[in-house]
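Residue numbers (the working numbering), protein chains in the order written: chain A, 55 to 521; chain B, 55 to 521; chain C, 55 to 521.
To be clear, the hints were calculated from the coordinates, so they are not data collected in a lab.
Among the clues, some could well be false.
Remember, identical chains collapse to one label, so a pair may be satisfied in a single copy or spanning two.
As the list claims (entries may be wrong) - When the alpha-carbon atoms are kept at most 30 angstroms apart in a straight line, the in silico DSSO-like pairs for lysine-lysine are as follows:
hint, residue 1, residue 2
1, 228, 292
2, 292, 516
3, 372, 346
4, 292, 334
5, 377, 346
6, 377, 517
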Amino acid sequence: MVALTDPDLLFAPETRTLARALYAAVKDLPIVSPHGHTDPRWYALNEPFPDPAQLLIVPDHYIFRMLFSQGVRLEELGVPRVDGAPVETDGRMIWRRFAEHYYLFRGTPTRLWLDHVFEHLFGIDEPLNAATADRHYDTIAALLQRDDYRPRALFERFNIEVIATTEGALDDLKWHRMIRDGGWQGRVVTAYRPDAVVDPDFEGFSANLDRLGEITGCDTGTWAGYLEAHRRRRAYFKEFGATSSDHGHPTAETANLSDAAAQELFDRIRRGSEDERERKLFRAQMLTEMAKMSRDDGLVLQIHPGSWRNHSPAVFQKFGRDKGFDIPTRTDYVSALKPLLDCVGLERGLTIILFTLDETSYARELAPLAGVYPALKVGPAWWFHDSPEGMRRFREMTTETAGFYNTVGFNDDTRAFPSIPARHDIARRVDCAFLARLVSERRLREEEAHELARELAYTLAKKAYRL
Amino acid sequence: MVALTDPDLLFAPETRTLARALYAAVKDLPIVSPHGHTDPRWYALNEPFPDPAQLLIVPDHYIFRMLFSQGVRLEELGVPRVDGAPVETDGRMIWRRFAEHYYLFRGTPTRLWLDHVFEHLFGIDEPLNAATADRHYDTIAALLQRDDYRPRALFERFNIEVIATTEGALDDLKWHRMIRDGGWQGRVVTAYRPDAVVDPDFEGFSANLDRLGEITGCDTGTWAGYLEAHRRRRAYFKEFGATSSDHGHPTAETANLSDAAAQELFDRIRRGSEDERERKLFRAQMLTEMAKMSRDDGLVLQIHPGSWRNHSPAVFQKFGRDKGFDIPTRTDYVSALKPLLDCVGLERGLTIILFTLDETSYARELAPLAGVYPALKVGPAWWFHDSPEGMRRFREMTTETAGFYNTVGFNDDTRAFPSIPARHDIARRVDCAFLARLVSERRLREEEAHELARELAYTLAKKAYRL
Amino acid sequence: MVALTDPDLLFAPETRTLARALYAAVKDLPIVSPHGHTDPRWYALNEPFPDPAQLLIVPDHYIFRMLFSQGVRLEELGVPRVDGAPVETDGRMIWRRFAEHYYLFRGTPTRLWLDHVFEHLFGIDEPLNAATADRHYDTIAALLQRDDYRPRALFERFNIEVIATTEGALDDLKWHRMIRDGGWQGRVVTAYRPDAVVDPDFEGFSANLDRLGEITGCDTGTWAGYLEAHRRRRAYFKEFGATSSDHGHPTAETANLSDAAAQELFDRIRRGSEDERERKLFRAQMLTEMAKMSRDDGLVLQIHPGSWRNHSPAVFQKFGRDKGFDIPTRTDYVSALKPLLDCVGLERGLTIILFTLDETSYARELAPLAGVYPALKVGPAWWFHDSPEGMRRFREMTTETAGFYNTVGFNDDTRAFPSIPARHDIARRVDCAFLARLVSERRLREEEAHELARELAYTLAKKAYRL
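Given these sequences and hints, build the entire structure.
What follows is the structure, given as structure tokens:
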């Protein structure tokens with residue numbers, strides 16, 4: 055019987071021998087996951103995961119967006135409605151619908167991740183389709199009941215050295231506290247994500263600022279008090295292991311206003327008398343403020359710009375955020391980041407990691423910027439580009455100008471916990487294949503490729519994220 | 055003697071064996087040509103084609119643009135002048151000029167298409183150049199006189215299952231009527247192309263609307279009457295097999311005005327008192343109106359945006375439209391299509407096929423949009439990108455996010471009838487080579503690749519275009 | 055002992071045999087270097103080059119930008135400060151710092167160029183790192199003292215048939231005069247670079263215009279006199295072999311004002327009463343003026359747009375221009391060049407070579423434009439894209455629409471004289487590898503590939519630049 059995933063996955067025939075050798079030396083390195091969206095509650099409570107559909111289908115926007123594009127309704131996949139109207143709750147029914155449509159994922163990373171999970175985590179060796187759906191479901195459901203498939207056991211089995219979750223600025227981090235105080239040895243850290251209190255367009259922004267004031271004991275009615283509240287929250291997050299902050303702005307625009315101008319802008323926004331332009335300016339200013347705080351407190355600043363969130367208002371109203379309707383847009387960095395870079399771009403102690411959904415910026419903007427500004431690094435291929443072709447293009451378009459050492463290893467960036475080893479495995483394979491090609495074309499010596507394979511799989515992430 | 059085109063054309067050595075096997079199973083599938091610009095008159099009258107130059111050189115903008123770029127005058131190639139001034143009419147002379155410059159096409163798809171035509175249609179096995187020009191010419195000219203080289207015989211020899219032509223909204227479809235009523239079994243359908251009556255910048259727009267009113271018996275002086283006229287023309291086109299409409303706007307901009315606002319805009323335009331902004335808005339609104347009609351009458355909506363037509367006014371004045379001076383421009387889809395998508399993007403019964411001349415939109419915009427909106431599909435690599443590298447990039451940049459099943463197979467999009475088998479052959483080869491690579495890297499199982507090869511070569515086009 | 059650079063460098067295993075054969079026939083062709091920045095003083099005086107660090111590190115922005123991005127200070131690398139503050143002057147210390155960080159260049163073209171120089175020019179066969187730094191330094195330093203390592207000897211050893219330098223419009227060309235009058239047979243020509251007298255944002259623009267008037271005896275206070283001054287300087291440059299002019303504008307914008315409007319604009323600028331928009335317009339107009347002069351005097355016009363110069367004001371203030379802080383920006387050509395093309399784009403006697411730092415324009419804009427306008431050619435992959443991946447993308451994205459014959463061969467574009475053979479060698483290798491792939495996929499016949507390899511390595515540059 056042929057396995058679902060081949061030992062030579064992602065290795066092209068012409069450079070396979072060398073790719074195998076490079077990969078063999080890094081495949082068992084511990085996983086460093088410096089940026090992601092798993093739920094700290096899992097690690098804190100260590101309860102069994104729910105049924106296969108609730109674990110693998112319902113929360114995965116890669117999956118339901120594809121099925122939706124081909125006519126399946128989100129309700130049929132168990133995606134909850136904002137109005138509480140009934141949706142499918144039978145895990146087996148959801149699973150069958152998914153299995154029938156699994157062929158849609160041919161050629162996509164979702165297919166590679168899931169086949170990897172089926173085989174390596176659940177020991178399945180037959181392809182998923184309508185005929186095999188129930189067998190897959192039963193196998194997975196049974197295993198998920200076992201103690202060695204609970205979150206902490208998987209964490210250990212996955213050989214995760216450290217994983218970062220992402221929490222909003224107002225989060226009390228109680229699950230992180232429970233993990234920290236509970237005596238388990240797994241290293242789970244948080245990251246500071248202040249979108250809800252830096253973006254005036256965020257739902258409940260004004261109330262969020264009030265709440266920020268209560269939590270921190272700062273007067274968030276004033277610019278100075280508001281900044282101090284951020285500083286205190288950042289310090290609080292650092293107590294729970296945070297080494298980074300994360301910022302999901304619509305664009306990479308930054309600003310560097312005088313203190314007086316920033317204060318006046320803040321006052322207008324606090325009074326609710328600002329316009330669209332000022333809301334944008336405030337977001338822009340806050341990226342620079344965050345960078346200045348990072349310079350002081352050492353948190354690595356991650357910028358994830360360029361996603362048009364909730365593109366379909368009809369879907370947003372019915373199902374809420376994160377339903378597969380976030381669409382990439384053209385993103386400028388060279389002029390957008392200039393105010394921030396003029397302020398802190400030459401700082402040697404600061405690390406700012408830039409991500410993009412616009413691959414045209416790799417060779418034209420991100421590599422040239424990160425290849426000269428000491429504070430900048432290029433984050434890995436992100437989201438739609440976290441895929442074999444996407445990762446290959448990332449290396450081909452950044453390496454010649456920024457080198458490997460202005461990149462930061464891999465991010466799985468996922469809430470799909472069972473797929474974490476698959477995602478790191480695929481990243482390691484793609485990087486090894488890329489390095490093998492460089493060696494085969496004599497652009498790199500073999501011993502250098504070995505060194506780099508390790509850096510890309512493990513060391514760079516630890517170093518860049520200070521983990 | 056070596057053939058002009060090799061059986062292994064476009065198959066890379068490292069994956070050749072598998073590519074051959076995939077291709078062998080699809081190469082003889084019938085041709086489905088859902089979008090193109092052949093002349094229905096050919097099929098209606100079934101007269102012999104003209105001389106080799108008039109058939110293959112004079113109407114082909116890929117060819118004369120390249121020669122023009124290297125200093126050959128359009129007059130020397132027989133391209134007619136608007137003012138009726140004399141141009142070369144001797145087919146042999148034109149052919150010789152072309153043959154002398156044939157080396158310019160090295161590395162281009164035109165070279166692949168023509169060598170394919172020379173060998174497979176005309177049985178020629180020596181390369182075209184100045185020395186062989188006359189032999190090629192004589193061979194082709196002689197064959198074109200034979201009955202088995204007339205349009206219907208070629209149609210059958212080419213194994214065309216169905217071909218769509220494209221006619222303007224005001225066309226009387228008399229050739230299509232003649233084909234339909236003539237008893238020939240070849241399936242030739244039309245497509246509804248209303249640019250001349252939806253684009254206020256089109257030559258004679260106002261008179262075109264009057265004419266549209268006459269043809270349909272609708273009052274095209276009113277918004278309601280104008281829309282009704284479209285509905286009737288669409289119904290008329292459907293009588294002649296149309297399953298699609300086609301729209302060649304300069305951008306992908308859409309609008310969704312209230313009925314009152316649309317009516318007011320139409321009135322201004324009808325009075326000729328509109329400005330540039332309103333002309334753009336009208337085109338944008340009409341895309342949405344067409345999409346709504348498509349929802350109702352089932353015509354597949356094709357959007358071909360982003361070409362700057364007639365870039366050189368001097369050439370336009372001397373030689374008119376379609377003279378190789380249409381230049382691609384940067385094209386936005388994410389914000390441009392939003393009004394249309396907000397209106398009908400979630401409709402499961404509607405199919406909108408998006409094309410682009412801006413490859414940066416594949417991975418960033420088109421695949422993410424088509425990978426979630428049920429109404430959207432991504433059309434194949436178009437025009438300058440209908441080429442081996444262009445098609446490869448298309449697959450590499452769309453598949454991981456949109457999958458194969460949100461694409462729609464191949465369009466030859468040509469008026470060069472003799473080259474249709476060559477174009478489909480090259481598309482099939484490129485797709486088989488791409489699939490072979492996925493299998494060789496273990497990203498797909500071999501039986502899946504076989505299934506997909508058939509879908510890409512044949513089934514998807516039939517399904518998407520409802521043919 | 056393994057050589058630093060392999061004979062199969064840049065040849066992929068699957069097409070290696072053919073790539074080798076193609077390369078073998080072109081590797082010893084003379085170097086034609088039609089655009090670059092070497093110092094004519096070197097050839098005029100023929101003095102020994104300075105120490106290894108001053109020759110290879112201090113002036114190379116590719117090198118110090120990478121080290122700076124990883125925390126090394128420019129002062130430590132000997133980069134002079136504007137305020138004359140002390141910087142490292144000990145060549146050996148600079149060399150050691152560089153050697154310690156040489157691993158940063160893995161995967162970059164700088165690494166390929168330098169290893170090539172170390173091996174082929176200096177006979178070194180061990181990799182550079184901290185341990186070998188001194189040995190490399192001593193070897194190179196000793197050789198640089200030898201007569202056969204002086205500029206003219208290297209010029210001859212490098213088999214340079216002709217090299218162009220670049221001089222500002224106000225340059226007296228005294229070194230060129232010395233070369234011309236000195237009896238040496240090496241062919242060194244100048245190129246006309248008038249940025250300082252066509253860009254109102256250039257430092258000292260107004261004084262530059264006064265100086266231009268003095269030099270030429272023209273009244274540069276009037277538009278007519280100013281244009282005449284350009285004509286005279288161009289004629290003067292032609293006396294020293296110039297066959298081209300070069301223009302480094304921030305964008306590709308052009309304008310074609312009436313003579314009256316141009317004169318009025320010039321007057322405002324001369325009075326210093328212009329605004330930002332008018333300065334842009336003036337630069338735009340001057341590109342068209344230069345193109346018209348090129349039509350008349352035959353100088354090939356090179357446009358190098360799209361670099362945001364001196365992105366960091368702090369670095370600019372401390373270290374001045376050309377310190378690695380020039381960042382590419384998104385660049386439009388289709389609308390930007392239209393005024394110029396409407397004016398002279400159809401001229402068969404004119405050659406305009408377009409460069410870009412925005413690779414998205416290759417397939418979308420530059421190839422379609424150069425594939426039809428007789429006056430346009432596409433320049434080779436430039437600057438950050440002068441690299442194996444960059445050159446491969448260039449061929450993949452331009453060839454299918456523009457062919458090979460609307461491109462112009464290779465430019466080394468460098469001031470790093472010792473690396474010139476390395477750069478041409480890499481370009482020849484990449485082109486041969488690309489051609490080998492086309493042959494291996496049967497898209498080209500082998501004898502055509504041989505012909506093309508020679509064109510790309512040698513002939514096209516001579517022809518396009520009229521050398």
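Intra- versus inter-copy proximity for residue 516 and residue 292 (alpha-carbon distance at most 30 angstroms) = For residue 292 and residue 516, the Cα distance is within 30 angstroms only inside one copy (16 angstroms; across copies 58 angstroms).
Intra- versus inter-copy proximity for residue 334 and residue 292 (alpha-carbon distance at most 30 angstroms) = within (28 angstroms within a copy, 49 angstroms between copies)
inquiry  = Treating 30 angstroms as the Cα threshold, decide for residue 377 and residue 517: within, between, both or neither.
reply    = between (34 angstroms within a copy, 27 angstroms between copies)
message = Within a copy, between copies, both or neither: which one fits residue 377 and residue 346 at a CA-CA cutoff of 30 angstroms?
response = between (34 angstroms within a copy, 25 angstroms between copies)
request  = Indicate which option fits the pair residue 228, residue 292 if close means a Cα-Cα distance not exceeding 30 angstroms: within, between, both or neither.
outcome  = Classified as within; 14 angstroms inside a copy, 64 angstroms across copies.
ask   = At most 30 angstroms between C-alpha atoms: does residue 372 with residue 346 qualify within a copy, between copies, both, or neither?
value = between (39 angstroms within a copy, 22 angstroms between copies)
Every hint, counting from the list given before, is met by this structure.
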